[in-house]
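Single-letter residue listing:
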Amino acid sequence: MKNSRRSFLKIAGISAIGFSMTPVVNVFASSGQEGNKPEPSYSVNKKALKAKRWGLVIDTRKLSEEIVEELGKTCSKIHNIPEIKNKDHEIKWIWGEEFKHAFPGKENEFLDERMKHLSMPVLCNHCKDAPCVRVCPTKATFKRPDGIVLMDFHRCIGCRFCMAACPYGSRSFNFIDPRTVLPKDRKEWNLEFPTRMKGVVEKCNFCAERLAVGKTPACVEASHGALAFGDLEDPKSEVRKLLKSNYTIRRKPSLGTGPSVYYIV
Amino acid sequence: MLEKALKGSNKYWIWIFCLLGVIGIGALTYINQYRVGLGITGMSRDVSWGFYISQFTYLVGVAAGGVMLVLPYYLHDYKKFGKITILGEFLAVSALIMCLLFIAADMGQPVRAFNMLMHPTPGSVLFWDASVLNGYLFLNIIIGWNVLEAERNGVPTAGWVKPLIYLSIPFAFGIHTVTAFLYCGLPGRGFWLTAILAPRFLASAFAAGPAFIIILSFIIKKVTNFDAGKEAIQTISKIVTYALIANVFFLLCEVFVAFYSKIPEHTAHLKYLFVGLHGHGVLAPWMWTSIALMLIAILLLLIPATRSNEFVLGITCVFVLIGTWIDKGLGLIAGGFVPSPLHHVNEYIPTIKEIFIGLGIYGIGFLILTVLFKIAITIREEVDA
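Residue numbers (the numbering used here), protein chains in the order written: chain A, 1 to 265; chain B, 1001 to 1385.
Keep in mind that the hints were calculated from the coordinates and are not lab data.
It is possible that some hints are incorrect.
[Stated by the list, open to error] A partial selection of chain A residues facing chain B, derived with a Cβ cut-off under 7 Å:
#1 Ala48
#2 Asp88
#3 His101
#4 Ala164
#5 Gly169
#6 Phe175
Treat the numbers as computed from the prediction; the structure is a model and nothing was measured.
Note that beta-carbon positions come from the ideal geometry of N, C-alpha and C, so glycine has one too.
Kindly produce the complete structure, drawing on both the sequences and the hints.
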C-alpha cells in the first residue's frame, strides 16, 4: 500500500513537471525550425498605412497649452482612457510636462521663458531597442516590424516590470477597473477600440488601429500641424524632411533606447 | 514524516492557531484586493512596485542565506554544522514559498500567472528568476526531506542526493544574483544601475539569513531539547559579522561614487532616502535607524565578549534583521522609484490592507517553517533517544 502510494505520487509529480515544462522545452526545441508551423492567414486592409519604422516629429514652436491639452483629450476619447481623479492611479498615453520633467538632465540653468513654461507633449517613444519589450516575461508587450511597440491586454499578467524598465514613465497600470470610471452611457465609449480590465498595463500605441484602416494617429490630426507622423527609414518622408531642416532633440538618447519621437525646439 | 507535526504541546497549537488567524486576516484582505485591484495598495503610477516586491527581495536573501550553513558543512566538511544544515534548508523552503506568494500578490492578473510558462521569454530576467527560485525551492525540499528521512531510518543519505546538494550551492548564489539583475539592468533607474547591486544583495543576504538562523536556534533551544551547539552558533555569528561589514562597505562605496561624482541621477535617490528631496523624506528616519542598527551590530559582533554572550548575540541578530530589512525591504524599492524618471517626487507609503496581506504571507511562511522545524526536531530527538 505504502509503496504503491509512493510510486503513484512519484509518477504524478514527474508528470506534473513534464506537462508544465512542455511549452518551455518547445520554445528551445522549435527555434530555427519555424517553417513547420502553419502560417496564420489574415487579410490586410488595402488602405492601411505602412512604414519600415514609424516616427513622430513634434514642432514645439507650434504648440500651445491648449493644443497639448487637446492632444490628450482626443487620445483619451478614442482609446477609452478613463479620467481618474486619484493622481496615483491615472492612465496617461499622451500628456504635457514642463521642459525640466520631459528632459531631466537637459534643463539649462538659464532657459528661455517660452521653453521654461511650455507644456511638452510626452508619450511612448516606440524605442528602436525598447527596454519594456526586453523585460516582459510573457511577450505581452512586443515590437511590430514597423517599429510600433504594442500591448496585448489579454496576455499581460500585470507584473509591471515594463513600468520599472521604461525610462520615460510612459506606461500606466490599471490599479482599478477602468470600466467603472468610464462614462456610464456606453454610447460615449468608442466601441471600435477595446476597453481594458483592471490589473493590466497600457500605453500609447501610435494609433495602430487607425493606421490599419488608413488614418494617421488621432493626436497628429488634432495637433494643428504641430505633430508630423511618418516613416523614419524613408528619406523622402515628411518626418525625414523636417529632421533634415530642423535641429531636434530626443528624450534621454544617451540610454541607447533609440526613441522614435523627435522634438523641434 | 508529516505526522510528527500533528502531535505537539498546547503551546505549539496556540502558536499554530495564532498563525492561522493572521493568515485568515491576510486572506480576507487579499479577496478584497483581488476584487478591487491593486488600487487598495499605496502603489502608484510613479512607484509601481512597493511592499510586496521589496518583501520578496528581502526573503530571497533569507533563502539564499541558508547556504552559509550548507557550504561549510558539505564543501569544507565543517562537522559542527552537521546538526543544523537541515534548519538552513527548511528555512530556505519557507522563505521561497513566501517569495512566490509575494510575487503572486503583486500581480495585477494573478490568474494569468501561467502565461509565463505558456509564453516563456528567455530574454526576460523574470523568466530566469522564476526558474532559479523554483529550482532552488525543489532542490531544498528534496534534499531536506531525504537527508531527514535517512537520518530517521538510521541509514546514510542516498548517493544521488549529494550532487543535488552541490548543485544547490551555486543555485543559492544564483537566486539572489538574478533577483538583483531584475533591478540593475534597467536603464534610467540610477539607484539600481550599479554593478555592485548583486554583491550587495548577497552580502546583506549572508548577514540576514544566518542571523535569523541564530535567533531561531535560540528559540528552539528554549522550547525543545534541541541545541545547535555553542561552537556552531559562534561560527555562524562570525559569518554574520563579515557579511554585515561587507554590506555596509558596499553601501559606502555607493555613497562615495554618487556624491564624489555628483551626478544628479545617482545622488537624487540617496538624498531622497537619507535627507529627503524637495521636502519629501518619509523614509529618512527609517534609513538612519537602519544604518545605526547595522553599525551597532557590527560593533557588538566584533567584540569577542559581546559576541560570545548568548543574550547579547540574540539582540544583535535582531538588530541585523531589522537593519537589513529596512535597507532592503523598505529603502531599496522606494529609493529606486523616487524620484521618478521624469524627476517627480511622488512618495510611497504602504496601506494597512497591503500590510495585512503581507503579514498573511509571513504567517504562511512561519506556519511552514514551524511545521518543517517541528518534524526535523522531533526526529532529531527520537534519534538521540
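Here is how each hint holds up against the structure:
Below 7 Å, beta-carbon pairs count as interface contacts, and alanine 48(A) has none with chain B, the closest being about 27 Å; its hint is therefore violated. This hint holds: aspartate 88(A) has a C-beta 3 Å from the nearest C-beta of chain B, less than the 7 Å allowed. With 7 Å as the threshold, the beta carbon of histidine 101(A) comes within range of chain B, its nearest partner Cβ sitting at about 4 Å, so the hint holds. Interface hint at alanine 164(A): satisfied, since its Cβ lies 6 Å from the closest Cβ of chain B, which is below the 7 Å cut-off.
At its closest, the beta carbon of glycine 169(A) sits 5 Å from a beta carbon of chain B; the interface hint therefore holds under the 7 Å criterion. About 4 Å separates the beta-carbon of phenylalanine 175(A) from the nearest beta-carbon of chain B, less than 7 Å, and the hint is met.
When held up to the earlier numbered hints, the structure conflicts with hint 1 and nothing else.
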